[in-house]
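Numbering-wise (the UniProt record's numbering), the sequence shown opens with residue 1 and increments by one.
Calculated directly from the structure, the hints in this document are not laboratory data. Please read all numbers here as calculations on a predicted model, not as lab measurements. For glycine and all other residues, C-beta sits at the position ideal for the given N, C-alpha and C. Heads up, some of the hints might be wrong.
Claimed, not checked - Mimicking DSSO-like on lysine-lysine, the simulated pairs with C-alpha atoms at most 30 angstroms apart in a straight line are:
no., residue 1, residue 2
1, Lys201, Lys243
2, Lys439, Lys412
3, Lys177, Lys146
4, Lys294, Lys223
5, Lys284, Lys223
6, Lys284, Lys201
As the list claims (entries may be wrong) - Each pair of labels, with its calculated beta carbon distance range:
no., residue 1, residue 2, range
7, Asp327, Lys167, 14 to 24 angstroms
8, Tyr329, Asn63, 51 to 61 angstroms
9, Glu528, Phe623, 33 to 43 angstroms
10, Ser44, Glu528, 41 to 51 angstroms
11, Arg226, Lys599, 19 to 29 angstroms
12, Thr542, His485, 31 to 41 angstroms
13, His241, Asp320, 22 to 32 angstroms
14, Gln38, Lys201, 28 to 38 angstroms
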Amino acid sequence: MHFWQTARIGLFIAVLVVNSIVLSAQTPNVDTLNAQAQQLLENSPEQSLRLSLQSVQLALKTNYLSGHTKALNLAGQGYYRLNNYKKSLQYFSQALDKALIRRQDPEAADAYEYLGQAYFGFGDYDQSLSLFFKSLRIREKIRDKKGTAQSLTLIGSVYEASGKLDKALEYYQKALKLWTALEDTTGLAIVYNYLGQLYDKRSEYTQALEYLANSLSIYQKQKSERGISQALHSIGEVYFHQKKYDFAINYYFRALKREQRLQLLHAVARSYNSIAACYYETSKYQQAIFYYEKAIVKGRRAQTRDPLMNAYLGLASSQDALKNYKDAYINHRIYSQIRDSIFNARTNVEIAEVEAKYLLENQQQEVELLRKEKRINTITLRENRNLTYLMGVLLVALLFLAIVLISRFRIKQRSGHLLESRNQIIHTQNVELQQTNLKLTESEASLRSLIATKDKFFTIVSHDLRGPLNSLASLFQVLINHIDHFDKNELKKFVQDMNTSVKSVLDLVENLLHWSRTQRGGIRYEPELLELDHIMHELLSTVSVMASNKGINILLDISSDIHIYADKNMLLFTLRNLTDNAIKFSHIGDNVSISTNVKDNLVEIAITDNGIGISPNDLQKLFRIDTYHTTNGTANESGTGLGLILCQEFVNRNGGEIGVDSIVGKGTTFWFTVPVYVLTATEK
Numbered sequence: 001m002h003f004w005q006t007a008r009i010g011l012f013i014a015v016l017v018v019n020s021i022v023l024s025a026q027t028p029n030v031d032t033l034n035a036q037a038q039q040l041l042e043n044s045p046e047q048s049l050r051l052s053l054q055s056v057q058l059a060l061k062t063n064y065l066s067g068h069t070k071a072l073n074l075a076g077q078g079y080y081r082l083n084n085y086k087k088s089l090q091y092f093s094q095a096l097d098k099a100l101i102r103r104q105d106p107e108a109a110d111a112y113e114y115l116g117q118a119y120f121g122f123g124d125y126d127q128s129l130s131l132f133f134k135s136l137r138i139r140e141k142i143r144d145k146k147g148t149a150q151s152l153t154l155i156g157s158v159y160e161a162s163g164k165l166d167k168a169l170e171y172y173q174k175a176l177k178l179w180t181a182l183e184d185t186t187g188l189a190i191v192y193n194y195l196g197q198l199y200d201k202r203s204e205y206t207q208a209l210e211y212l213a214n215s216l217s218i219y220q221k222q223k224s225e226r227g228i229s230q231a232l233h234s235i236g237e238v239y240f241h242q243k244k245y246d247f248a249i250n251y252y253f254r255a256l257k258r259e260q261r262l263q264l265l266h267a268v269a270r271s272y273n274s275i276a277a278c279y280y281e282t283s284k285y286q287q288a289i290f291y292y293e294k295a296i297v298k299g300r301r302a303q304t305r306d307p308l309m310n311a312y313l314g315l316a317s318s319q320d321a322l323k324n325y326k327d328a329y330i331n332h333r334i335y336s337q338i339r340d341s342i343f344n345a346r347t348n349v350e351i352a353e354v355e356a357k358y359l360l361e362n363q364q365q366e367v368e369l370l371r372k373e374k375r376i377n378t379i380t381l382r383e384n385r386n387l388t389y390l391m392g393v394l395l396v397a398l399l400f401l402a403i404v405l406i407s408r409f410r411i412k413q414r415s416g417h418l419l420e421s422r423n424q425i426i427h428t429q430n431v432e433l434q435q436t437n438l439k440l441t442e443s444e445a446s447l448r449s450l451i452a453t454k455d456k457f458f459t460i461v462s463h464d465l466r467g468p469l470n471s472l473a474s475l476f477q478v479l480i481n482h483i484d485h486f487d488k489n490e491l492k493k494f495v496q497d498m499n500t501s502v503k504s505v506l507d508l509v510e511n512l513l514h515w516s517r518t519q520r521g522g523i524r525y526e527p528e529l530l531e532l533d534h535i536m537h538e539l540l541s542t543v544s545v546m547a548s549n550k551g552i553n554i555l556l557d558i559s560s561d562i563h564i565y566a567d568k569n570m571l572l573f574t575l576r577n578l579t580d581n582a583i584k585f586s587h588i589g590d591n592v593s594i595s596t597n598v599k600d601n602l603v604e605i606a607i608t609d610n611g612i613g614i615s616p617n618d619l620q621k622l623f624r625i626d627t628y629h630t631t632n633g634t635a636n637e638s639g640t641g642l643g644l645i646l647c648q649e650f651v652n653r654n655g656g657e658i659g660v661d662s663i664v665g666k667g668t669t670f671w672f673t674v675p676v677y678v679l680t681a682t683e684k
């Protein structure tokens with residue numbers, strides 16, 4: 001017997017060693033599978049689900065606890081996106097149970113959040129809100145500030161969906177304060193978008209557009225095509241509710257263009273529905289039918305029911321308006337079938353909840369039955385223990401053996417718990433260390449930006465302010481010492497030189513003031529309807545003196561019927577700055593042309609000169625605050641280097657883009673875009 005015990009213990013130790021080796025070799029594979037499943041979740045939910053289920057099995061086999069919980073959550077998300085709500089709830093619940101048992105607070109908070117999102121999708125706002133608050137309490141306990149901000153944002157979205165807009169605003173503002181403190185621009189962009197949609201629901205459209213413009217600006221700086229498309233669509237919704245359908249269509253098409261490039265089928269179907277709704281509201285029923293049918297095609301490919309349901313309803317309404325009653329009836333029936341299938345799916349979720357409760361009750365009854373049977377067996381053994389001496393001895397031996405085994409099992413169990421607890425502590429410390437490193441990285445980036453800004457400021461002041469002032473000082477000194485020796489023409493030339501130096505200083509001060517106001521957020525974005533030819537004539541009145549002094553001819557090639565939607569002051573500043581640069585770097589007697597080209601609901605304005613041009617190396621330095629670049633003009637005019645940075649800021653604020661093309665010795669073209677305003681029949 002001793003031999004078999006020794007052999008079993010040796011085998012047990014060997015299994016532990018092998019499992020340990022396998023775990024160390026395969027744990028990265030679990031993380032890899034989870035990462036791949038997360039990446040594919042948005043556009044390939046079937047493939048994501050397959051990878052997450054593989055990860056569940058592998059993590060269970062290798063006893064990789066945190067990876068197992070993560071994989072369960074991913075599988076739940078995969079089933080949810082494939083409309084298998086029963087399975088999604090089962091996997092989310094398993095992930096939550098495992099996280100609570102294993103004391104994995106971050107994973108438990110995630111599981112509560114995913115369950116809350118699932119119930120939110122089912123329309124059960126009370127249950128969703130309860131789960132989001134549980135996630136919030138855990139994240140506050142473990143001091144996960146980013147997770148806390150995320151939970152506050154989600155709680156606000158539940159209040160908004162349930163019509164409690166004041167409560168929603170309260171939690172959005174809490175989230176906004178925390179995202180701002182964290183300097184998390186992505187979180188700020190998301191909560192700005194939520195706030196814009198909330199103010200849209202309250203019919204406070206000016207504030208809605210202001211928040212959505214902030215969201216769009218952040219996404220443009222991040223070059224996040226997905227975020228830009230969401231912000232553009234939200235702005236379109238505001239204009240739709242204002243009944244400014246031409247504006248709305250403009251923004252819907254801009255969002256659609258990016259959604260098609262990213263292959264976001266659900267979002268593409270949504271945009272087609274929105275465009276069709278604009279045409280329907282303006283009684284353009286044929287165009288509405290065209291885009292509703294496009295929404296149906298994309299909705300089927302995306303396998304999402306809500307866009308399909310809305311598209312069929314809109315299609316039926318459009319055909320009814322055209323008196324195509326048969327087609328309207330058929331499409332309304334399809335709409336009703338999809339609506340009923342959504343209702344049935346939500347009913348299946350409720351059935352799944354009932355089944356889960358039923359299974360739990362059955363398990364409790366089975367446990368109670370086993371306990372009763374154990375009591376009966378114990379009583380029977382006690383009654384029969386005196387039947388024979390041999391059975392008594394055997395019972396004592398069995399009890400002794402059981403005690404030994406139980407004792408060893410408990411020792412092993414305590415060791416396992418201790419090891420698991422230490423692993424969890426190490427994991428928590430690693431997470432905190434990663435968060436600290438991330439904050440340090442973000443702080444370093446912010447500090448570098450501040451240092452670059454400071455260096456830019458002092459470089460400009462030391463270089464561009466000192467030059468004109470030294471020139472003035474020299475001119476004054478010459479006048480003081482030799483004024484009696486100059487005739488009238490020479491004095492006039494001195495005064496002209498002094499005027500040039502003073503103008504350089506004034507231009508520098510004006511640009512510095514504009515730049516400082518943009519850094520403090522002191523310049524408000526106030527767009528309005530503008531006639532481009534009026535703006536151009538106003539521009540000519542301000543630059544004509546400078547042009548005539550150098551004999552420069554300014555040629556306009558613009559259409560007289562172009563209307564745009566932009567901030568007038570920002571637009572004039574940009575035009576004036578770019579035109580001044582063109583004049584500055586042109587030779588005496590050259591031409592400077594200003595032309596326009598309308599495409600894709602945008603107008604491109606180009607300022608072209610035949611001057612000295614810009615080298616490829618210097619082109620890379622333009623529009624950058626961290627690199628100083630300035631060049632004197634053909635008549636030795638000085639520049640600040642700040643003007644182009646301000647132009648880029650103002651163009652981006654107006655929803656456009658700016659760029660430059662140049663060939664050394666042949667000239668330069670600066671171009672930028674602004675949104676076109678399409679006049680309605682009434683406005684015409």
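To see whether the hints hold, each was checked on the structure:
{"no.": "1", "hint": "Lys201 x Lys243", "verdict": "holds (14 angstroms)"}
{"no.": "2", "hint": "Lys439 x Lys412", "verdict": "violated (40 angstroms)"}
{"no.": "3", "hint": "Lys177 x Lys146", "verdict": "holds (12 angstroms)"}
{"no.": "4", "hint": "Lys294 x Lys223", "verdict": "holds (28 angstroms)"}
{"no.": "5", "hint": "Lys284 x Lys223", "verdict": "violated (35 angstroms)"}
{"no.": "6", "hint": "Lys284 x Lys201", "verdict": "holds (26 angstroms)"}
{"no.": "7", "hint": "Asp327 x Lys167: 14 to 24 angstroms", "verdict": "violated (44 angstroms)"}
{"no.": "8", "hint": "Tyr329 x Asn63: 51 to 61 angstroms", "verdict": "holds (60 angstroms)"}
{"no.": "9", "hint": "Glu528 x Phe623: 33 to 43 angstroms", "verdict": "violated (26 angstroms)"}
{"no.": "10", "hint": "Ser44 x Glu528: 41 to 51 angstroms", "verdict": "holds (45 angstroms)"}
{"no.": "11", "hint": "Arg226 x Lys599: 19 to 29 angstroms", "verdict": "holds (24 angstroms)"}
{"no.": "12", "hint": "Thr542 x His485: 31 to 41 angstroms", "verdict": "holds (38 angstroms)"}
{"no.": "13", "hint": "His241 x Asp320: 22 to 32 angstroms", "verdict": "holds (23 angstroms)"}
{"no.": "14", "hint": "Gln38 x Lys201: 28 to 38 angstroms", "verdict": "holds (32 angstroms)"}
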